[in-house]
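Position chain P relative to chain L; hints supplied.
Protein chains: 2
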Amino acid sequence: MAIEFIHDSPGITDVPGFRVGATGCDIRNKNGDRLDLALIVADQPCAAAGVFTTNDVKAAPVRYSQTVLLSSRGLVRGVVANSGNANACTSTQGDSDAQKMAELSAKAVGSPHDIFVVCSTGRIGELLPMSKVAAGIATAAARLSNQASEGMRAAEAILTSDTRPKTATARFLWQGKKISVAGFAKGAGMIEPNMATMLAFIATDAVVESAYLKTSLKSAADQSFNCVSVDGDMSTNDTVILLASGVSGVVLNESSEATLKKLFQEAVDRVCFALAEKIVGDGEKITKVVAVEVLGARQRADAEKIARAIGNSLLVKSSWFGEDPNWGRLADAAGYARTGLDEAKLDIYYNDVPAVVAGRPLPENKLRWKEIVKARQFTVRLNLHLGDAKFRLLASDLTDGYVNYNKSE
Amino acid sequence: MAIEFIHDSPGITDVPGFRVGATGCDIRNKNGDRLDLALIVADQPCAAAGVFTTNDVKAAPVRYSQTVLLSSRGLVRGVVANSGNANACTSTQGDSDAQKMAELSAKAVGSPHDIFVVCSTGRIGELLPMSKVAAGIATAAARLSNQASEGMRAAEAILTSDTRPKTATARFLWQGKKISVAGFAKGAGMIEPNMATMLAFIATDAVVESAYLKTSLKSAADQSFNCVSVDGDMSTNDTVILLASGVSGVVLNESSEATLKKLFQEAVDRVCFALAEKIVGDGEKITKVVAVEVLGARQRADAEKIARAIGNSLLVKSSWFGEDPNWGRLADAAGYARTGLDEAKLDIYYNDVPAVVAGRPLPENKLRWKEIVKARQFTVRLNLHLGDAKFRLLASDLTDGYVNYNKSE
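Just so you know, the sequences run in chain order L and P. So for the first sequence, the numbering used here puts the first residue at 1; every next one is plus one. So for the second sequence, the numbering used here puts the first residue at 1001; every next one is plus one.
The hints are simulated quantities; they were obtained by calculation from the structure and are not laboratory data. Computed from a prediction, not measured in an experiment: that's the story for all the values here. Any given hint might turn out to be false.
Which stretches of chain L does chain P cover? Using the computed rule of at least three CB atoms under 8 Å from a CB of chain P, they are [to be verified]:
{"no.": "1", "stretch": "54 to 61"}
{"no.": "2", "stretch": "85 to 98"}
{"no.": "3", "stretch": "118 to 126"}
Straight-line Cα separation of at most 20 Å, EDC-like style, residue types lysine to aspartate or glutamate; simulated pairs [said to hold, decoys possible]:
{"no.": "4", "chain 1": "P", "residue 1": "Lys-1030", "chain 2": "L", "residue 2": "Asp-324"}
{"no.": "5", "chain 1": "P", "residue 1": "Lys-1177", "chain 2": "P", "residue 2": "Asp-1222"}
{"no.": "6", "chain 1": "P", "residue 1": "Lys-1407", "chain 2": "L", "residue 2": "Asp-400"}
{"no.": "7", "chain 1": "P", "residue 1": "Lys-1390", "chain 2": "P", "residue 2": "Asp-1352"}
{"no.": "8", "chain 1": "P", "residue 1": "Lys-1374", "chain 2": "P", "residue 2": "Glu-1323"}
{"no.": "9", "chain 1": "L", "residue 1": "Lys-214", "chain 2": "L", "residue 2": "Glu-257"}
{"no.": "10", "chain 1": "P", "residue 1": "Lys-1370", "chain 2": "P", "residue 2": "Asp-1352"}
{"no.": "11", "chain 1": "P", "residue 1": "Lys-1407", "chain 2": "L", "residue 2": "Glu-371"}
{"no.": "12", "chain 1": "P", "residue 1": "Lys-1407", "chain 2": "L", "residue 2": "Glu-323"}
{"no.": "13", "chain 1": "L", "residue 1": "Lys-407", "chain 2": "P", "residue 2": "Asp-1400"}
{"no.": "14", "chain 1": "L", "residue 1": "Lys-178", "chain 2": "L", "residue 2": "Glu-266"}
{"no.": "15", "chain 1": "L", "residue 1": "Lys-374", "chain 2": "L", "residue 2": "Asp-352"}
{"no.": "16", "chain 1": "P", "residue 1": "Lys-1345", "chain 2": "L", "residue 2": "Asp-56"}
{"no.": "17", "chain 1": "P", "residue 1": "Lys-1305", "chain 2": "P", "residue 2": "Asp-1342"}
{"no.": "18", "chain 1": "L", "residue 1": "Lys-407", "chain 2": "P", "residue 2": "Glu-1323"}
{"no.": "19", "chain 1": "P", "residue 1": "Lys-1345", "chain 2": "L", "residue 2": "Asp-95"}
{"no.": "20", "chain 1": "P", "residue 1": "Lys-1370", "chain 2": "P", "residue 2": "Asp-1342"}
{"no.": "21", "chain 1": "P", "residue 1": "Lys-1132", "chain 2": "P", "residue 2": "Asp-1026"}
{"no.": "22", "chain 1": "P", "residue 1": "Lys-1407", "chain 2": "L", "residue 2": "Asp-324"}
{"no.": "23", "chain 1": "L", "residue 1": "Lys-370", "chain 2": "L", "residue 2": "Asp-347"}
{"no.": "24", "chain 1": "L", "residue 1": "Lys-345", "chain 2": "P", "residue 2": "Asp-1095"}
{"no.": "25", "chain 1": "P", "residue 1": "Lys-1177", "chain 2": "P", "residue 2": "Glu-1257"}
{"no.": "26", "chain 1": "L", "residue 1": "Lys-305", "chain 2": "L", "residue 2": "Asp-342"}
{"no.": "27", "chain 1": "P", "residue 1": "Lys-1132", "chain 2": "P", "residue 2": "Glu-1257"}
{"no.": "28", "chain 1": "L", "residue 1": "Lys-218", "chain 2": "L", "residue 2": "Glu-266"}
{"no.": "29", "chain 1": "L", "residue 1": "Lys-407", "chain 2": "P", "residue 2": "Glu-1371"}
{"no.": "30", "chain 1": "P", "residue 1": "Lys-1370", "chain 2": "P", "residue 2": "Glu-1323"}
{"no.": "31", "chain 1": "L", "residue 1": "Lys-407", "chain 2": "P", "residue 2": "Asp-1324"}
{"no.": "32", "chain 1": "L", "residue 1": "Lys-30", "chain 2": "P", "residue 2": "Asp-1324"}
{"no.": "33", "chain 1": "L", "residue 1": "Lys-305", "chain 2": "L", "residue 2": "Asp-347"}
{"no.": "34", "chain 1": "P", "residue 1": "Lys-1390", "chain 2": "L", "residue 2": "Asp-56"}
{"no.": "35", "chain 1": "P", "residue 1": "Lys-1305", "chain 2": "L", "residue 2": "Asp-56"}
{"no.": "36", "chain 1": "L", "residue 1": "Lys-132", "chain 2": "L", "residue 2": "Asp-95"}
{"no.": "37", "chain 1": "L", "residue 1": "Lys-305", "chain 2": "L", "residue 2": "Asp-222"}
{"no.": "38", "chain 1": "P", "residue 1": "Lys-1100", "chain 2": "P", "residue 2": "Asp-1026"}
We put the beta carbon where it would ideally sit given N, CA and C, even for glycine.
So here's chain L without its partners, still in its complex pose (with noise of 0.2 Å):
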């Protein structure tokens, strides 16, 4: 029973039980062709949950779509999303504004009553421009369809900086029966752990019910989403959506066999952590995708605080980018974390070459290095040798292509 995994799959649209539809209404402004509205509809209402930003400045679409889920149990008939614009820090019209989105997906799916998640990514302090959002979402609903080709438009609707699409599926049998997870998302820019600015929309036909879709969900946000940074900046707008269209008629709970159970969540895992390395690998200019593992912790908060420090750090980024293997800037990181860490036991490895064991530097292994930071990917590992905790952060670079593509939007 094994899963089978397809990365850049056509995402959602291969997931039965779900039309997706995409076009572009020009959000941005720039009279560009450029597609920015999605809509991901389920043949009936579904069971959904969501995870989302925990800053305390929220997007209205945020705020929207947290209500609905609790208002409805969970119980919605899709989602609507835009980029160009966030609808964020937009006062009480942006509220307005999200309802009227999820309102007007209603309505052009032919039940006006049905519930739909809002979501929306883009420049911050803007207000939507509302007719056209209204002629898009009427757009994209008569273009539903389960085509992998439409799937990929609405993958492609949803980039901001980003450069590809980014999808995945997973898929297994269980009692001859197939079981699909698949998904699609964006990121690029403000991406930082608890979220990013990033958007996840994943879908799968089992029967599951929101409680559960939620603990599978949060789970595995834990251990890919959060657990990936290029800039350190948190969004107002992250949000990552789980939907079960249940017409697979296999059916997942608390009370589910023990094998099934780990088959579903193992898919869910495998469909979040390669939608989050394929955000880390887009993020914007950058040209080096780093694992930060930091072992031998006393507890898992220490570990994440030490890998943070060192991923989000500007002179560590800087370094990567010029292929510099300069651990003393690691070092230096690690210890302005904070965690209580001693020197003298300290080990760090560049992939499984050691630069420092015990505190001592071993200059002697410089070229060797030097080889590592040269390619695209490389693991950099800290043993503090004080506990069994661990922690695996997968950053990104600094580039002065960033800081340019950053200075005005």
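The following block gives chain P in isolation, referenced to the frame of chain L:
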């Protein structure tokens, strides 16, 4: 009774009772003629106090200096400082080398039992070239002088990526006697709170015991060096030392007249603040110095968290570089500080021009913000309207030049 304040003074040679000497001994091994070693020597053992990096990974000279300040009860002969090599992450050999620097300095001034504070700044993880350092200490000792020109050489000798020396002097009269407080500092990269990669040496000719000096220095540092940020990286070597020669004959202690205590504290505060400001203004490849003021917080710690989240946000700093008044990124960073701010109460100002009032954007002021952010220095002010606490951080922008400068050492 006013304080006379001098920017870009000769520094410590302005203070009676001290001599300084500086030389270049090629610590960076580049056959350059750059100054890289400085001695500050009191005519007699003098009272001293220090504040140091709170990084878990402390450089050998930091560990050494903390220990000798304790064991000597704050009575030292002076300071020996070098640039070009941080003597950090250098294991037990680093400890021996730091101690050796102190011993060589004491011998060089003819008092082998006197105590020296030791400070180093530069690259982490390499052993000091001790024969060069020994020669440098001998040469610097031979040059000891209270001439302004040698003061300026000392201020230059501790620089790393700084582009200019940083000095300041404050003086006041008390009952006909002149009291001086003066110092010099270095900064440039790894500049963040709780010190930064910075060294600062300040001296006075007041008669002050070590404990009072420590209180005075701690208070000044909290309002100056701990309120600046260039890149959010805290170093392994940060050190601020305050020395008191006592030759003015004016005694400062808890029992002194309130006016005298106030004047002295103000002099120390102003010297520290001026040096901290110069550090930010000379941050690596920066083009902007931005005061981030957070008002109306429930407690100072909340205001500080928000100010630091803003001042260290890559997206915010990039937009400052681009002269883009992107207040949405300010709101976003304020939110992810997660202090429980209420977006509906939030005001954001550029200098005195509102961008957001009570959560509502004022796009009609956009041209005025755009004008403000073109200046080299401006203020962003957030009022949370939740209480009376506040914090002010002096931060810099992030430039493509910073990234390229720090790609490799």
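A quick look at each hint next to the structure:
{"no.": "1", "hint": "54 to 61", "in the structure": "holds (count 5)"}
{"no.": "2", "hint": "85 to 98", "in the structure": "holds (count 5)"}
{"no.": "3", "hint": "118 to 126", "in the structure": "holds (count 4)"}
{"no.": "4", "hint": "P:Lys-1030 x L:Asp-324", "in the structure": "holds (19 Å)"}
{"no.": "5", "hint": "P:Lys-1177 x P:Asp-1222", "in the structure": "violated (29 Å)"}
{"no.": "6", "hint": "P:Lys-1407 x L:Asp-400", "in the structure": "holds (10 Å)"}
{"no.": "7", "hint": "P:Lys-1390 x P:Asp-1352", "in the structure": "holds (17 Å)"}
{"no.": "8", "hint": "P:Lys-1374 x P:Glu-1323", "in the structure": "holds (6 Å)"}
{"no.": "9", "hint": "L:Lys-214 x L:Glu-257", "in the structure": "holds (19 Å)"}
{"no.": "10", "hint": "P:Lys-1370 x P:Asp-1352", "in the structure": "holds (13 Å)"}
{"no.": "11", "hint": "P:Lys-1407 x L:Glu-371", "in the structure": "holds (16 Å)"}
{"no.": "12", "hint": "P:Lys-1407 x L:Glu-323", "in the structure": "holds (7 Å)"}
{"no.": "13", "hint": "L:Lys-407 x P:Asp-1400", "in the structure": "holds (10 Å)"}
{"no.": "14", "hint": "L:Lys-178 x L:Glu-266", "in the structure": "holds (15 Å)"}
{"no.": "15", "hint": "L:Lys-374 x L:Asp-352", "in the structure": "holds (15 Å)"}
{"no.": "16", "hint": "P:Lys-1345 x L:Asp-56", "in the structure": "holds (12 Å)"}
{"no.": "17", "hint": "P:Lys-1305 x P:Asp-1342", "in the structure": "holds (15 Å)"}
{"no.": "18", "hint": "L:Lys-407 x P:Glu-1323", "in the structure": "holds (7 Å)"}
{"no.": "19", "hint": "P:Lys-1345 x L:Asp-95", "in the structure": "holds (16 Å)"}
{"no.": "20", "hint": "P:Lys-1370 x P:Asp-1342", "in the structure": "violated (26 Å)"}
{"no.": "21", "hint": "P:Lys-1132 x P:Asp-1026", "in the structure": "holds (7 Å)"}
{"no.": "22", "hint": "P:Lys-1407 x L:Asp-324", "in the structure": "holds (7 Å)"}
{"no.": "23", "hint": "L:Lys-370 x L:Asp-347", "in the structure": "holds (18 Å)"}
{"no.": "24", "hint": "L:Lys-345 x P:Asp-1095", "in the structure": "holds (16 Å)"}
{"no.": "25", "hint": "P:Lys-1177 x P:Glu-1257", "in the structure": "holds (15 Å)"}
{"no.": "26", "hint": "L:Lys-305 x L:Asp-342", "in the structure": "holds (15 Å)"}
{"no.": "27", "hint": "P:Lys-1132 x P:Glu-1257", "in the structure": "violated (48 Å)"}
{"no.": "28", "hint": "L:Lys-218 x L:Glu-266", "in the structure": "holds (13 Å)"}
{"no.": "29", "hint": "L:Lys-407 x P:Glu-1371", "in the structure": "holds (16 Å)"}
{"no.": "30", "hint": "P:Lys-1370 x P:Glu-1323", "in the structure": "holds (7 Å)"}
{"no.": "31", "hint": "L:Lys-407 x P:Asp-1324", "in the structure": "holds (7 Å)"}
{"no.": "32", "hint": "L:Lys-30 x P:Asp-1324", "in the structure": "holds (19 Å)"}
{"no.": "33", "hint": "L:Lys-305 x L:Asp-347", "in the structure": "holds (17 Å)"}
{"no.": "34", "hint": "P:Lys-1390 x L:Asp-56", "in the structure": "holds (18 Å)"}
{"no.": "35", "hint": "P:Lys-1305 x L:Asp-56", "in the structure": "holds (13 Å)"}
{"no.": "36", "hint": "L:Lys-132 x L:Asp-95", "in the structure": "holds (17 Å)"}
{"no.": "37", "hint": "L:Lys-305 x L:Asp-222", "in the structure": "holds (15 Å)"}
{"no.": "38", "hint": "P:Lys-1100 x P:Asp-1026", "in the structure": "holds (18 Å)"}
Violated hints, listed in ascending order, are 5, 20 and 27; each of the other numbered hints is respected by the structure.
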